[in-house]
Structures are given as C-alpha cells and as structure tokens.
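Participant: These are the residues of each chain, in order.
Number of protein chains: 2
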Amino acid sequence: MAKIAFIGLGNMGGPMAANLAKAQHHVTAFDLSDSAVAAAVEKGAHKAATAAEAVKGAEVVVTMLPAGKHVREVYEKDVLPNIGKGVLLIDCSTIDVDSARHVAALAAKAGLEMIDAPVSGGVGGATAGTLTFMVGGGDAAFAKAKPILEKMGKNIVHAGASGNGQAAKICNNMILGVSMVAVSEAFMLAKRLGLDAQKMFDVVSTSSGSCWSLVNYCPVPGPVPASPANRDYQPGFTAAMMLKDLMLAQQAASAAGASTPLGAEAAQLFSLFVNSGNAAKDFSGIVRMLDGK
Amino acid sequence: MAKIAFIGLGNMGGPMAANLAKAQHHVTAFDLSDSAVAAAVEKGAHKAATAAEAVKGAEVVVTMLPAGKHVREVYEKDVLPNIGKGVLLIDCSTIDVDSARHVAALAAKAGLEMIDAPVSGGVGGATAGTLTFMVGGGDAAFAKAKPILEKMGKNIVHAGASGNGQAAKICNNMILGVSMVAVSEAFMLAKRLGLDAQKMFDVVSTSSGSCWSLVNYCPVPGPVPASPANRDYQPGFTAAMMLKDLMLAQQAASAAGASTPLGAEAAQLFSLFVNSGNAAKDFSGIVRMLDGK
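Residue numbers (the numbering used here), protein chains in the order written: chain A, 1 to 293; chain B, 1 to 293.
Treat the hints as calculated values from the structure; they're not laboratory data. Note that the Cβ used here is the ideal one computed from N, Cα and C, for glycine as well. Treat the hints with care, since some could be wrong.
As the list claims (entries may be wrong) - Derived BS3-like pairs: lysine-lysine, alpha-carbon spacing no greater than 27 Å straight-line: (1) K43/A <-> K56/A; (2) K191/A <-> K146/B; (3) K146/B <-> K144/A.
To be verified - In silico negatives: residues of chain A with every beta carbon more than 12 Å from chain B: (4) K3; (5) K22; (6) R72; (7) E113.
Unchecked claim - Computed, partial: chain A to chain B, Cβ under 7 Å: (8) V97; (9) M134; (10) A168; (11) V178; (12) M188; (13) A190; (14) R192; (15) K199; (16) V203; (17) G209; (18) V215; (19) A253; (20) L272.
Based on the provided sequences and hints, a complete structural model is requested.
Facilitator: Below you can see the structure in the form of structure tokens.
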C-alpha cells in the first residue's frame, strides 16, 4: 500500500482520509485544526505537525482545501519544495479552474504528475466511500490515481486535461442550482393554482420537466421520502456550498467570456437565501424563501 | 363509436382529428381555414361549414385552439348554445388557467361535463398518436374522456379538478424552459473552459445536473443523435410555443401571487430569441444565442 500525505481534514477531508487509512494505506495527516488531526489519528492516520512534514517521504499527496488561494499556497510553499520525483499529486478541493491549472502547471514544471479531482456526494458520500470524482489531468496520472480514489468513491470520471475536473463540477452544479430553483418555483406556483404536490410530482417526473432535483431531491415534503425536505432541510448539501459553486461558475464564466444569465440569477437567489441566515440549511430549502417564508 | 365534433385543425388538431377518424369515430371537423378542413376530410372526417354546425348532434366536442380568448368565444357562442344534455366537452388547447376554469364553470352551469386536456409531445406525437394528456376535471368526466384521448395519446394523466391540466402543463414547461437554458449555458461555459461536449454529457448525465433537456433533447450536436441540434434546430417544439407557455406561466404566477424569478428570466430570454427571427426554430436552438451566434 502507498504512503499518502493527506492535507485538509474538514467535514469532507476527515472521512476521506479515514477511508484511505481503513484501506491499509499509510496516511500521514495534517490540518490547521489540532482536533481535526486528532480525529484522523483516531481513525488510523499518523499525525504530522506541519504540511511540509506530512509530505516528506510520501508517494501520494492528497489535498482537500476550502478555496483556490489555499491550494496555491499549500502546493507552492509546503508540497512542491518538500517532495521528490515520482510523487503523485491529487487535489480534491473544489476551486476555480484557473488556480487548478496554475498549480498543475507548477507541478508539471517540476516533473510531477497531478490531477484535479473535485467530488460530489457530500459528507454522507465521503463517510460511506461513495463519492463521485470528476477528474482533470493526463491519462497516466488518472490511471495511477484511480485505485486511490476508488477507496474514497464509487464513480471516477475522467473529464480530460488539467482543470477539466473543476470545469465539469461547476457546470454540473450550475445546472443543479438552477434546476432546484426552477422545480421550487414550479411547486409553489402549482400550490397557488390548486395543484396538489403529489399530482405535480407524478406529472412532471414522467414528463419533459423531469430532473434530478425533482426525482431524487424533491424540495417539498412528501413525494421523495429521503429528500431533506422531510427533515426540515437538514443537509445534505448546504446552501453555502451551493453558493460557493455558483460563484465559482460565475467567476469562470466571466474569465472565459461565457454568458450565463440563469446561472447568475441563481447565484443571486442563493446569496439572498444564505444571507438570510440559511447558510447551513440544505440548498433545497430555497423553496421556503420562494414560498415567502 | 362516438359522434365527435372537432374544432381547430392546425398543426396539432389536424393529425389528432385524423387519429379519431382512423379509430372509426364519426368526426365532424371545422376550422377557419378551408384547406385545414379539406385536409381533415381527406383523412376521413366530415366537413362542417361552421363551428355551430359541427357540434349539432355531437356526443363529444373536442377543441384545439390557439389561446384562451378563442376557447371562451367558441364555447360561449358556438358550442354551449347548440348542444344538448349529456355531451362531453374536451378542450385540448393550451391556455391560461383562468379561462379554462371560466369555461368549465359555464359548462357545469349548463349541466355538462368538461375537461381541460392540454397535450405535450408536439406534431410528431400528434401524428403518431403518442401524445401525453394532462387532464383537469371531475372523475366521471375523466373516465368518459379517457377512451377518446387514448386514440390520440399514450399517457393520460389526471391532475385533479378543472384547470389543473393547464396548471400541470405550464408548471412542467416552465421547468423545461428553465432547464433547457441552464443546460445550454453549461455547455457553452464548458466549451470555453476546454471541456469537450461529449465528456460534459457523460459527467452530467450521470450526476446531479441530469435532466430531460440534457438526456433526451441535448441542445448541442453529438451526444443525443435524435435531438433537433443534429438537424439545425428544425422543430420539434418551436421557440414560439415555448415562449407562449412561459408567458402563460408568468400570467398565472402574477394572478396567483407566486414568485418565479427564473421562470421570468427564461421567458425574457426566449422572447429575445423569438424576436431575433427564431420563432419557428426548435426551442433548444437558444443555445446558439447563448453562444453569441
């Protein structure tokens, strides 16, 4: 098994590192939070006092950090100066495409293979080891990374060259955010027109309006028993995370010269929802705002 | 078999009347266009010189008209004054919920059963007899109408009381219009980020952004061979029809006090697309506008 350095042990990174340790990899873990490191050690990881110490002697480095600036800083200051040839770099953070490509270029310059591999599936998927990874990077790097990723996820998709993992994720999540608002608007309109939620679900789920937001994650209680609507919008996937991804999509669209009017409007609506004290609610809770509550 | 009066023989009504005649119903057909009547006669219908003449002696009246005002006028002036007790009224037009409920109330006052039964499936579905009907009206009327509708469609859904067929259709099509724009925006963003359309399709169609607009009606050429994108956006379902349905949704939302920000934005975007000379293009062609073409 591999010697893996894991940097970033938050809600997602913690259980991901635990799954690698459970699979008998030798995991050396670092996070700015001592308690996060302690929790990882309890799950079988080894403690590192700094990121630089974590990567020394590692064969694989996995990072799971909040934003592009953290990824740039950790790779520039801690990872790249302290590793040798042949180390595989895997960044699982969801960050802007430009930062992902910038760091991948630095790695390539140092003769190292790197992939961007943002995930979907939330804390539940991270804990259960059923995440989806959307991977950008070369074929050789993808092939090497796949067995590692398979210890943390079930669906490993290669989306092309460096940065394309991030691109695929923000494009997917932009559709998700827009469609959740659209489904929510339609349910609230249907309610005011006297159309029962279950009837509405039965018609639309078998018609051209059908989508994942409706069928797997219905924002009103009833039709889909497992959806967060049935547990007062406990996440799931928080509104704050959806807003982050929609803002990354807007940033990418602006930089790349793409027009995304509905993506922009959805970002503004989620901003309104998050800034009304709902950051930690499930993103499907936006239906309550659209209902005037 | 029944004596059926069929009023409104356009792109949809023509083939629907033909399917009733093909099923050995005695169809008496009327339209303001003589050539539309002549085409129906060629398919086995009998000619009527006026709407009033068409409904005399009929057991069932089917209407397929452009808008609420036509439905109100035809039922008030031609249908209701010229029929006896026990006639079943079926309005297949896509119109505003208020007009549908107004006409149904007039019918009820005259002791007649009526359903609103707007369709989805386009000209192809009308010709093949594979339409979906979304039906509003009482249980008895629905039960009586069902065998008639089954000669024109495959999926007959009862959405509740009068007007709920229209409500279900506009709620469904509002989600459809929004999701088509969202999918189009995401493909154009992906393209500018260097993510191949087929890769994008492969990732999103198996992820949380999946929706009918992507999987069955993909707006870019390639991934879904049967979609209008592969035949230069020949419809299919025209942009003009999508705009009509989105405007009906906006009218209903305004009247009922529902907030539909993305529905409103999608209506404006389709208005822009239609008013740029694209009324007769398939609605998925809006991807070209979002691409700056």
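Participant: Hint by hint, say whether it matches the structure.
Facilitator: Hints and how they fare:
no.: 1; hint: K43/A <-> K56/A; result: holds, 21 Å
no.: 2; hint: K191/A <-> K146/B; result: holds, 26 Å
no.: 3; hint: K146/B <-> K144/A; result: violated, 59 Å
no.: 4; hint: K3; result: holds, 31 Å
no.: 5; hint: K22; result: holds, 26 Å
no.: 6; hint: R72; result: holds, 19 Å
no.: 7; hint: E113; result: holds, 19 Å
no.: 8; hint: V97; result: holds, 6 Å
no.: 9; hint: M134; result: holds, 6 Å
no.: 10; hint: A168; result: holds, 4 Å
no.: 11; hint: V178; result: holds, 4 Å
no.: 12; hint: M188; result: holds, 5 Å
no.: 13; hint: A190; result: holds, 5 Å
no.: 14; hint: R192; result: holds, 4 Å
no.: 15; hint: K199; result: holds, 5 Å
no.: 16; hint: V203; result: holds, 4 Å
no.: 17; hint: G209; result: holds, 3 Å
no.: 18; hint: V215; result: violated, 9 Å
no.: 19; hint: A253; result: holds, 5 Å
no.: 20; hint: L272; result: violated, 10 Å
Hint check: violations occur at hints 3, 18, 20; the rest are consistent with the structure.
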